[in-house]
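*Asks:* Spelled out from the first residue to the last, the chains are:
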Amino acid sequence: MEIQENEVITLLITAGVGFFFTANRKTIRTLPFHQTLMISYSFYLASLFFTVLEGFIWETVLNYLEHISMVAFSCTFFWWCWQMGVRRETSL
Amino acid sequence: MNWILLLNTLSLFFVILTIGVILLWKYQQYISKNIFSLTLILLGLFFFDHLCNILEWSGIAASMDNWEDLVQILQPILFAILVYTMIQRSQTAQLAASEAKYRLLVDNQSDLITKLDGKGNFLFVSPSYCRLFGQDEKDLLGQPFLSNVSPEEQEQIRREMDTLYLPPYTCRFRQRAHTKYGWRHLYWSYRALLSEKGKPIAIIGIGRDITDQVQAEEEREKMVEKLQAKNRELQNLVYISSHDLQSPLVNIRGFSGELKQSLKQLQTVLNECGRTQQAETILKDISQALYFIDSSAEKMQTLIDGLLKLSRIGSMELTLQTVHMNSLINSIIDGLKFQIQKAGCEIIVENLPPCLSDLYQVNQVFTNLLDNSIKFLDPSRPGKIRITGQQKGKSCEYRVIDNGIGISSENYEKIFEIFHRLHPDGPAKGIGLGLAIVRRILDKLDGTIQVVSEPGVGSEFIVCLPSVPPFETP
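Here the protein sequences come in this chain order: A and B. For the first sequence, the residue numbers in our numbering are 1 to 92. For the second sequence, the residue numbers in our numbering are 93 to 566.
With the rest of the complex left out, here is chain A (with noise of 0.2 Å):
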């Protein structure tokens, strides 16, 4: 398996909006389920990670584990929209 140079650019803007995120921690608390919607980002980062880092080792286990995270991440965004669907709180 080699390294493919879109997975790289992808983790890369991945990582940096993930490192965004970090930086208006405050900001984003504000927002509804904001924690459900960043255990999300956090498995699509780790998924593209995985994808990225097979290419260097235990191709077939990281391949798994890279699937398995988008599954998580799909899981774990299904319920932030369910909660956003639901909530009666401050509108958006």
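Treat the hints as calculated values from the structure; they're not laboratory data. Possibly wrong hints are sitting among the right ones.
Unchecked claim - Straight-line distance between alpha carbons at most 25 Å, and here's what the computed SDA-like set of lysine to any residue pairs gives:
# : chain 1 : residue 1 : chain 2 : residue 2
1 : B       : Lys125    : A       : Val52
2 : A       : Lys26     : B       : Gln180
3 : B       : Lys125    : A       : Glu59
4 : B       : Lys125    : A       : Ile9
5 : B       : Lys118    : A       : Lys26
6 : B       : Lys118    : A       : Leu31
7 : B       : Lys125    : A       : Asn63
What you are looking at is a predicted structure, and each value in this text was computed from that prediction instead of being measured.
Based on the hints, put chain B in the right spot on chain A.
*Replies:* Chain B in isolation, oriented as in the chain A frame:
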């Protein structure tokens, strides 16, 4: 079994479920269209990504790497845009909620709230202000604040407002303003808003309609003036009537003395001529009538003197000075030596603080109190009178404590009434004016008097007088 394919299918399943949930968002009014669209696009990208993976892993379709690459790069970017938009919307919503909260407070405020610029023109007026002046907000904004102020007060208010540019950057004043309901009295409290450099940039004013209060104050003042006039009139009446009653009384007493003399002469003449039984009876009757006229006139004289004394208290001029109470009480005791010796009582004077009062009037107060205590001592036990004093804040409290016959609690107030005597048939002489004079004097001296007593045990008169300010203490 291809686990990767299964995991991809599971991911796709969740993405489809999420798209379903997102579509339901459409019916939720509290999620904006922007967020809805961004989330939908993001999910669309994930849907495409997972679908490509499934097709690729299942071998149904060839790799769509180019499109997939683009989609994967767009995913985090769109994610960031989504979160950023949500932050913006959240902050706007919070701001709107906060503004609504404060707007609710301002809109339902009965006090008037205004914001003025440096020139005194309106930047903001509360609905209560608009209601009072019967004008719309848009008509008032930009108008000078002074336009609704009565012309004669404008200059003074301008001067007051000038003080806002100096520390403490506040001012308060009353004004008359022409409102929808006519001329009203308003009370304003202004505060200047300062820039970071400490320069006033705007002025916030809170006003209150105090017309009712002002009217009540005016009525009260008129009433007080009326009462004072009535009081003066009454005092004059008492003074003039008691003064004018003196002259006929002097005549009565004088002519009764003449009659006594004439009666004596008549007795001598009759003695020389030889008395008859009838003449004897007539002389006895005349003598008795003259005695009653004389004693009544004497009593009337005492009452008139008392009334005159009482009426003079109201108009007396006070000379405030430091009164050294110990020397004053000692001089009073010297003056009452005869009564003290006659009563056989012991008087103990403790160390008394000086007070700031009128020497003559304080002398009168304590003379009356001591005289009273001596008069009403219990003859069944040795009399003892103790005078104590202490400073309590801005006043001095003096106590005249005796072991006399005492007063029952229902009579505590009655003893200070004019011409009121608790024991009219008792051995003590008097007309019931002593304590009335004491209270009247103390009212005039900004003092107070209280009594605590128990029949058969004794009485305690507590007199409070203003103390000497620290710098005047000798």
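*Asks:* All hints are to be evaluated individually against the structure, with a verdict given for each.
*Replies:* Evaluated hints:
1. Lys125(B) to Val52(A): violated, 35 Å
2. Lys26(A) to Gln180(B): holds, 13 Å
3. Lys125(B) to Glu59(A): violated, 42 Å
4. Lys125(B) to Ile9(A): violated, 30 Å
5. Lys118(B) to Lys26(A): violated, 29 Å
6. Lys118(B) to Leu31(A): holds, 19 Å
7. Lys125(B) to Asn63(A): Cα-Cα ~37 Å, so violated.
The structure does not agree with the numbered hints 1, 3, 4, 5, 7 stated previously, though it agrees with the rest.
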